[in-house]
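Asker: Same order as they appear, the protein sequences are chains A and B. So the first sequence is residues 1 to 378, counted in our numbering. So the second sequence is residues 379 to 649, counted in our numbering.
This list has only true hints and no planted wrong ones.
Straight-line Cα separation of at most 30 Å, DSSO-like style, residue types lysine-lysine; simulated pairs:
#1 B:Lys583 with A:Lys93
#2 A:Lys93 with B:Lys582
#3 A:Lys91 with B:Lys400
#4 B:Lys583 with A:Lys91
#5 B:Lys582 with A:Lys100
#6 B:Lys400 with B:Lys582
Quick list of the computed label-pair ranges, beta carbon to beta carbon:
#7 B:His449 with A:Leu182: 37 to 47 Å
#8 A:Gly20 with B:Glu509: 26 to 36 Å
#9 A:Gly127 with B:Ile629: 55 to 65 Å
#10 A:Trp46 with B:Gly618: 50 to 60 Å
It is worth saying that the hints were derived from the structure and are not from the lab. Please read these numbers as outputs of a predicted model, since none were measured by experiment. For every residue, glycine included, the Cβ atom is placed at its ideal position computed from N, Cα and C.
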Amino acid sequence: MNRVHAQRGMGNQAGFSIEGPLAHCVGNWVAPDLHDVELQLSRTRWPKDQLQLNLDGISTLDTAGAWLIHRTFHALEASGLQVSILGANEKTKQLLDLVKARSISATELPKPYLPGFLEGIGRKSGGQLLQLYEFLVFAGHLAFIAAKSSLRPLHIRWPLVVKELQNAGVNALPIVGLLTFLIGIVIAYQGGIVLRDYGANIYVADIVGLSMVRELAPLITAIIVAGRTGSAYTAQIGTMMVTEEVDALRSIGIAPIEMLVLPKLIALIIALPLLTVFADVMGLLGGMLMAAGMLDLNSSTFIARLTEAISLDSYLSGVGKAPVFAVIISAVGCFQGFRVRGSAESVGRQTTVSVVQSIFLVIIVDAVFSIAFSKLGI
Amino acid sequence: MPTEPESITMHGQKKSGECILKARELVMEFGRKRVLDGINMQLNQGEILAVVGGSGSGKSTLMRQLALLQHPTSGTIHLFGKNVTNMGELRTLPLRRRMGVMFQHGALFGDLTVLENVSLPLREHTGLSLETIEEVSMLKISLAGLEPDAAALYPSQLSGGMRKRASVARGIALDPEILYLDEPSSGLDPISADAMDELVLHLKKTLGLTILLVTHDMDSLWRVADRILLLAEAKIAAQGTIQDLVASANIHAQRFFHGPRGRAAGASHDQ
Numbered sequence: 001m002n003r004v005h006a007q008r009g010m011g012n013q014a015g016f017s018i019e020g021p022l023a024h025c026v027g028n029w030v031a032p033d034l035h036d037v038e039l040q041l042s043r044t045r046w047p048k049d050q051l052q053l054n055l056d057g058i059s060t061l062d063t064a065g066a067w068l069i070h071r072t073f074h075a076l077e078a079s080g081l082q083v084s085i086l087g088a089n090e091k092t093k094q095l096l097d098l099v100k101a102r103s104i105s106a107t108e109l110p111k112p113y114l115p116g117f118l119e120g121i122g123r124k125s126g127g128q129l130l131q132l133y134e135f136l137v138f139a140g141h142l143a144f145i146a147a148k149s150s151l152r153p154l155h156i157r158w159p160l161v162v163k164e165l166q167n168a169g170v171n172a173l174p175i176v177g178l179l180t181f182l183i184g185i186v187i188a189y190q191g192g193i194v195l196r197d198y199g200a201n202i203y204v205a206d207i208v209g210l211s212m213v214r215e216l217a218p219l220i221t222a223i224i225v226a227g228r229t230g231s232a233y234t235a236q237i238g239t240m241m242v243t244e245e246v247d248a249l250r251s252i253g254i255a256p257i258e259m260l261v262l263p264k265l266i267a268l269i270i271a272l273p274l275l276t277v278f279a280d281v282m283g284l285l286g287g288m289l290m291a292a293g294m295l296d297l298n299s300s301t302f303i304a305r306l307t308e309a310i311s312l313d314s315y316l317s318g319v320g321k322a323p324v325f326a327v328i329i330s331a332v333g334c335f336q337g338f339r340v341r342g343s344a345e346s347v348g349r350q351t352t353v354s355v356v357q358s359i360f361l362v363i364i365v366d367a368v369f370s371i372a373f374s375k376l377g378i
Numbered sequence: 379m380p381t382e383p384e385s386i387t388m389h390g391q392k393k394s395g396e397c398i399l400k401a402r403e404l405v406m407e408f409g410r411k412r413v414l415d416g417i418n419m420q421l422n423q424g425e426i427l428a429v430v431g432g433s434g435s436g437k438s439t440l441m442r443q444l445a446l447l448q449h450p451t452s453g454t455i456h457l458f459g460k461n462v463t464n465m466g467e468l469r470t471l472p473l474r475r476r477m478g479v480m481f482q483h484g485a486l487f488g489d490l491t492v493l494e495n496v497s498l499p500l501r502e503h504t505g506l507s508l509e510t511i512e513e514v515s516m517l518k519i520s521l522a523g524l525e526p527d528a529a530a531l532y533p534s535q536l537s538g539g540m541r542k543r544a545s546v547a548r549g550i551a552l553d554p555e556i557l558y559l560d561e562p563s564s565g566l567d568p569i570s571a572d573a574m575d576e577l578v579l580h581l582k583k584t585l586g587l588t589i590l591l592v593t594h595d596m597d598s599l600w601r602v603a604d605r606i607l608l609l610a611e612a613k614i615a616a617q618g619t620i621q622d623l624v625a626s627a628n629i630h631a632q633r634f635f636h637g638p639r640g641r642a643a644g645a646s647h648d649q
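So that you can see chain B by itself, here it is in the shape it has in the complex:
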């Protein structure tokens, strides 16, 4: 790996607020349909960036591209200061260890227990003893808010919320710098969804994670997002803090944040 001396401070840690992920003029086409059209965005160290938009607005596609799971039709992506747009699968491996992904439905391996799922990245990428790996994995499982007993269960025995948490635990197994969360609170009951928001904030605080989050949960936006990117019609319609977006004159932002749900979430947050 080439060095990035300018980004290392005295304590070997990155300066907060520094850009670690940058996309320029991203375009994605499926056949003749343009899903993303000239997206420019960046993700800064230590922030929680929420990508929002209606169904089919391309937000999941954007996340998949930024997580190096899909190649854009055109445009460039810089991750940790390196151009990764057309990097081969093998060359991206060292970068992938520095990022964790929570998939919408968990994407846990069905024939492994939760503990085995979470320890898989550690087994694969470290030379630690099995005992240590399992202890560290238990730590991550507990950090993700699961009871220790859940570690022995198989994914088919878990509820939707537990699956998402287990997926988060696997995502943070190697202490990544960026955590991608795809719809962390979708399909959860309000209590679990609140708990998921808490978890996101907790992870940011304790592990200093940078988080990119795809959601359409209004309450999550108010509670966890430092900055929001609103996608509409394949472009970025508006971006900024939630207050910026609520005050925005953009028609899509108006629709999104001044509908009944948007207003209700805002009102409950103001209390």
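The following block holds chain A by itself, in its conformation from the complex:
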């Protein structure tokens, strides 16, 4: 009812007392103040045959209070006690009637459906298989559209490609450059400690050169790009799914894959190898700086050694992986974007999934490359 929160310390605290067959309720029976009363009610030793419940001391009553009174009343009656309610004013009566009409006990509460252990495993595996299937369908679709567009290159949306190149390539230069530079320093330092003991300082160029160019530069670049660009792809397409923009594209007669995915794919296939080359340079620069500082290896000696250490095969095997990583990152990023359903919350979830999956796949594919190269003796 139109209750006023009477203040604590004004003697209006909700209370309950019982003397023989007479029970008294006093104070504000409102939800925030009721915990003591609830406890008291559950511990009260009720009289044997008759009880009079006097409510005229209640200054304010809300639904929770009325529910407590109703529940107690109901339980006592059910246990064979004769209960009568006294001193209820008009509003109290109304509220008691209201709760009575809508009462539901905790035992009959509906519970959300929770699948069992085996069912959970089954659903999860089924979901994963379905996702794999959907991804294959998506990849096939994408490959088909890419092949079709390559026959008619003028129909590709080049302005969008340029925009994506800017976002995924140019804007990523600072972070890729800084991180690979630091990694170059770290490797030169770690290698240098050991090499110095053997007096083999010059071979630091081999260590830095080969590890950066063959492995670290492509891998680190792909991981950075998966984190910053792949997630952006998912978020962008996912948001468009939520706002039905993707459906709007389809209704206008534009294939979403052609408009949203293909430019990203092309842009990343161009940008990622370029970023990798940039990462190579920055990593070697870092290593060279460290070698000069720690091992007194001047830069011309370092560079001269590099040209011997790094064969063309090594260089190409590093940069050559980048377009493959680009395909993985853009395909997974866009695919997860299209999997967004319903709410904004789902955008966040799919974005996380997208980053985890693309980094996972990039590392697996990188391992496969390593095995293949070693078998081929490259």
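We have chain A already, so just place chain B on it with the hints.
Answerer: Structure of chain B alone, referenced to chain A:
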């Protein structure tokens, strides 16, 4: 909380008709755009006040300010006799328990069921046992006109109308004194919209709620509003009962209530 002895009658209840929410010279600016320009209004105990106006007339902004969700650029707001205009977030907490908000799209927490959504305020602000909390929440869910089975569902499994009802149930979980309703019937089919109007009237009657309602549904205005505030061009263009507004000579009121929709709603109400 300071006391307000003058507002407590013998039965500890407020006198009907007393002003519990008052705004003076409210101004809201977004950048250089003035959304509200010198709004003076009050909300009285036990009434249903409807704020109406065209899209972009600032009615949702006004509601958000009155519900303490947004600070005005200038002006003052008094809630339950206290100046809350520049009150810190923490100090407003006791007041927030006395008001409930139904958001336009429900704003239900997606990873909680309807029952958990509704019981959240009770869990947070009372020391009642879980059993009692769930029973009281079920009561509120039923009061809001949802079937008990809906309590176990997640928001994503609900229709738009059910979401609004669940949001109402959460809004009234702690028996607030003021209930704010943002577009309660927008996006609903006519039958659900009618049912929503019924619900508003029912809540006012059974819980004695004071309701501030933002809407542009003509039929709702005729059926539920005790008093109407018409916003146009960031100011209050007209206010009064629906009859007052229909008879008003104000150009905005004329446009609003004498367009085809306004006339149709009025005509169907007269029958």
